[in-house]
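2 protein chains.
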Amino acid sequence: MPANRKLGIATVCLSGTLEDKLDAAAAAGFDGVEIFENDLIASALTPEAVRTRCADLGLAIDLYQPFRDFEAVPPDLLQANLRRAEQKFDVMERLGADMMLVCSTVHPESVDDDDLAAEHLRLLASRAADRGVRIAYEALAWGKHVSAYDHSWRIVRRADHPNLGLCLDSFHILSRGSDPAAIRVIPAEKLFFLQLADAPHLDMDVLQWSRHHRLFPGQGAFDLPRFLDLVLNSGYDGPLSLEVFNDIFRQADPRVAAVDALRSLLSLQESVERKGSAFAEDPTDGLPPPPPLEGFAFVEIGTGRDSEREVSGVLDVLGFTQTGLHRSKPVALWEQGSARVLVNSAAEDAAMTEVAAIAVESADPATSARRAERLLAPVLPREHRADEADLAAIAAPDGTSVFFCRTDVDESWLADFAPTANPPAADAGLTVVDHVALTQQTDDFDGAALFYRTVFGLHPEVPAEVAAPFGLVRSLSMTDAAQRVRIALSVSAVRRGDWAPGVRNPQHVAFATGDITRAAARLSERGLLLQLPGNYYDDLEARLDLPQDRLALIRSHSLLYDRDEHGEFLHCYTPVLGSRIFFEVVQRIGDYSGYGALNAPIRMAAHRRARLVPRQ
Amino acid sequence: MPANRKLGIATVCLSGTLEDKLDAAAAAGFDGVEIFENDLIASALTPEAVRTRCADLGLAIDLYQPFRDFEAVPPDLLQANLRRAEQKFDVMERLGADMMLVCSTVHPESVDDDDLAAEHLRLLASRAADRGVRIAYEALAWGKHVSAYDHSWRIVRRADHPNLGLCLDSFHILSRGSDPAAIRVIPAEKLFFLQLADAPHLDMDVLQWSRHHRLFPGQGAFDLPRFLDLVLNSGYDGPLSLEVFNDIFRQADPRVAAVDALRSLLSLQESVERKGSAFAEDPTDGLPPPPPLEGFAFVEIGTGRDSEREVSGVLDVLGFTQTGLHRSKPVALWEQGSARVLVNSAAEDAAMTEVAAIAVESADPATSARRAERLLAPVLPREHRADEADLAAIAAPDGTSVFFCRTDVDESWLADFAPTANPPAADAGLTVVDHVALTQQTDDFDGAALFYRTVFGLHPEVPAEVAAPFGLVRSLSMTDAAQRVRIALSVSAVRRGDWAPGVRNPQHVAFATGDITRAAARLSERGLLLQLPGNYYDDLEARLDLPQDRLALIRSHSLLYDRDEHGEFLHCYTPVLGSRIFFEVVQRIGDYSGYGALNAPIRMAAHRRARLVPRQ
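First to last, the sequence lines map onto chains A and B. When you read off a place in the first sequence, starting at 1, and then add 1, the result is the number in my numbering. When you read off a place in the second sequence, starting at 1, and then add 1, the result is the number in my numbering.
There's no promise every hint is true.
Repeated chains share a single entry, so a pair holds when one copy, or any two copies, can fit it.
As the list claims (entries may be wrong) - Taking lysine to aspartate or glutamate pairs in the EDC-like style, the calculated list, with each CA pair at most 16 Å apart, reads:
no., residue 1, residue 2
1, K89, D70
2, K191, D180
3, K7, D248
4, K89, E542
5, K7, D238
6, K89, D546
7, K89, D114
8, K330, D70
9, K7, D32
10, K191, D151
11, K330, D411
Hints in this document: simulated from the structure, not taken from any laboratory.
With the rest of the complex left out, here is chain A (with noise of 0.2 Å):
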């Protein structure tokens, strides 16, 4: 990536007043916004204040945006036009901006003539240029009259003025299933600039789409990559700059918005670079490739005093030995198999149970924390002594603290664990963590599963979305290539209701076994399995039609039951522990590698259950 690559935001993407935008992008290291107009005419910061604060702030004026409904309109309309684009001029005049964006028209009164679009559009690059302004003309894709990329070159290339070029918008290309590969007969100083976002695929009206809908680069599922290779390809030297309308951020905190913007932008800059193209030269601009994960080296539940012994007592149920204590720290060390947990008893709330960290085993620890730091991941200040283990620690979107560790090393993090002189517990047959499975705030999904994606280097899985008793839950799994490292992300995608009982944000942990009956039966025996309905089982009977003892088998050690062409899941859970951690045993059959997201709603609905029955 060249070093003068510049790196842009609309001050639309962010919430709150223009003030709060501009801080937002400056602090996330932006280059340079576009001023959104509406943003300006709200601010009670003078076009010249404004100049000021982003020059202080060290950003670029990129763009000025958007300026509508001009050309192609009877001559009374157009001179109305001309007199606005002149006092938007005086504008842009204070602001120090000479780049004006032109959408193509939406008014009822234009007429569909190319020639007289670019006349028009000639005749405001000429008055733009008596200014010293550019204009960037961009095909909306539900334009009255143009709407498709090539449409707006072929009215750009007739005008032919050099004050006039197109702007570029991948949402507006690539909604439109427009192939993008006809950029590459635009001349590269006819590319004024470039406007990037992601989208999922919906199918709905593409103006509603795009007003409340757009996400950040690698968010949706538009092939950014290819998009911004072509372009980058045609020789485009300008900013890279996102403009996303998105109904959440517009109301999310500016600068965890802003942070993620330039997470986004920083990993599709790393996808085009990584297929070799234009930026050859210089392919990694300090973003090392993520080294490959290896699994879990462990995961680290914080508790308080009475939910530690809750927690402890199902660990040594499910059949983990406590082989070792911190010797600094209140911490002990569970293990079976290659599965090992934390358990960290020195949270203050005595019931509160979570996900404190989670420890993923790194080909290369130094440079995986190297890629977090570089992705805007913050590091957490590390209290170690000096005989103990520097693990490089990052924070995740939600807090959970994430390390990246080798324990197959001498002088690995398990030194710093003092041995005890348990004998091995007769083990239950499970073998590795399967799963990490974390809820998400409403506000945080994406964000999240962006962070995991970039700084992991995972891809995420089929998302599930599901009616889950106390509301709609969306999730979404992401894993490496070889399944060894699963996240699990979900959200109650319209917010938990305020009046619904039971858990906030539960998160959970799953631990992989090949035979799942053995630790169910031993959560039972103890009363520490999640019962579940007989109508769930009666309607497995009626839907999958199982062999009768197998699903005698199922119902008997209140097992759940999903099957697809890979293969099958048989999965279970114990209650809640303390405030929102519970464990849940997996067992894949053939490569299934789902997490039996149909079943969730019958879950939610024991959990809520095994919570209204006083606890043993």
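Chain A is already provided as a structure; the job is to place chain B on it using the hints.
The following block gives chain B in isolation, referenced to the frame of chain A:
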């Protein structure tokens, strides 16, 4: 309405476990429920226990639903489907349910063959007959081969089995734009079941539209009165049952949602009755038509020790005179023209301000109150002395008290106030309360609109949506035919982000005037006029080409401006007083009937700035 017309609701409309849903439906007053299969499957209640519980609650089980993907499949699938059906008949027998909904298939292996579909459905119906069950066949709008109700009717007619009939669902019919008129060819005895749902017009995938965006009758855009009228005139005599999939209702308090649901259904019934159709012999069922409303009698503002001084001070500057003091409560009456404001200073929180009550002039207050009660509005306990007016008060969904009264009679509520000796203030030309604007909690918006529409008999005006500084804001105003009572509701569409500074759920009272500059000048003199940014006026000038003197007047008085094809609108604001109240002064010129919604973001940003500046 025949006394035996039953009202029902599908459990899928409501949030919670099956137990929560049944309790809520019964508490609201429904006669029956459709049991949504997934609700039963997740429940620990056996079908027998559900049967008992429904009986105890006085709820009939009208329908078991849905049974999917049955007909027009290869023989092996047919056998599996019949086996599945028999197991569901077992469940229905245990439930005591005798009607099953079968949706038109979306199975990939199903074929487009009406004869085969009819043959299979006939076979299913004969199996059902053996079990005392009837099959209601419904065309899903996205059915693979059968997606229209007239098509489903041709198949049912061909199958010709007494235990096979139709389920008509207003969503599936009206979402496709089908003309429901052909319902009249369907014999009454084949209309087995009726599901009612409204929806907004959305240009999107119909399955997603159906699963996420349905609304209760009257909350959307469908012509449900005509639809229901057609179905009832065809002789349908089963329950009127709601089936509404909605992301908000899925997580909202089911007790509140069930009341909204029944209210919407009562109002829909009323709109059919009033047309003088099938129900003409018993046209009201105790629900009297809404008496005409004749303006606001008063608005009562609740204040505390400090905010009372602030509010009274602004009323004084606005030209109001304190004309009375309540004989038994700490409430002052302020008057100007026909505008009346009560300032109640009983709040414990010294800074609190809120719209405690709105009182509307009704042609028949007792009937208005009776209508409200019949529409499930909570009647508030009133404390009044024997010699004081007994105003009927009900609670709006947001807790605001609503009074129906007449001011122009002897012994009106005015008699509760002892006149002061205050000389009339130099009035500022304010004439009446133009509108009261109430911001709703995110989940309560549709319910509040339903309340004012049905209880007051107001009609909704054009909804607006604006991108405000701290998130998307939706608004909907309602008014009577003479536009003397205007209630403007607004809501943070996604919800206001926690990060956002400023006032939560602000409310305001707008006064009308024929000369806004008088009021603006008085406010300005005392530093009580909300100051607007120069950028706003620069943009007005660029956009609208107003005469220079007019623009100068608007700018110098810190007014906001809007115009449409009917007229012009000038408005100005005070800062926020106390916790969440402010005042607006409006001047309507010509027949402008809006609220200047596009100016809302400007006002919001200005209010935020005003809070940042220390008050005088």
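Subject >> 16 Å Cα threshold - placement of D114 relative to K89 >> reply: So K89 and D114 fail the 16 Å test inside a copy (25 Å) and across (63 Å) alike.
Subject >> Same-copy or cross-copy closeness of K89 to D70 [CA-CA at most 16 Å] >> reply: within (14 Å within a copy, 60 Å between copies)
Subject >> Status of D180 relative to K191 across identical chains (alpha carbons, at most 16 Å) >> reply: neither (19 Å within a copy, 52 Å between copies)
Original post:
Under a CA distance limit of 16 Å, which applies to K191 and D151: within one copy, between copies, both, or neither?
Top reply: within (13 Å within a copy, 56 Å between copies)
Original post:
Taking 16 Å as the upper bound on the Cα-Cα distance, should K7 and D248 be classified as within, between, both, or neither?
Top reply: neither (26 Å within a copy, 41 Å between copies)
Subject >> Status of D70 relative to K330 across identical chains (alpha carbons, at most 16 Å) >> reply: neither (66 Å within a copy, 58 Å between copies)
Original post:
How would you classify K7 and D32 at a CA-CA limit of 16 Å: within, between, both, or neither?
Top reply: within (6 Å within a copy, 65 Å between copies)
Original post:
With identical chains treated as interchangeable, where does the CA-CA distance between K7 and D238 reach 16 Å or less: within a copy, between copies, both, or neither?
Top reply: Answer is within: at 9 Å inside a copy they meet the 16 Å cutoff, but 69 Å across does not.
**OP:** Using 16 Å as the alpha carbon limit, work out where K89 and D546 are close: within a copy, between copies, both or neither.
**Re:** Classified as between; 13 Å across copies, 70 Å inside a copy.
Subject >> Intra/inter-copy verdict for K89 and E542 if alpha-carbon distance must be at most 16 Å >> reply: Between copies only: 10 Å across chains, 69 Å inside a chain, cut-off 16 Å.
Original post:
Quick one: K330 to D411, C-alpha cut-off 16 Å, is that within a copy, between copies, both, or neither?
Top reply: Neither, since 21 Å and 80 Å both go past 16 Å.
In summary, the numbered hints that this structure violates are 2, 3, 7, 8 and 11.
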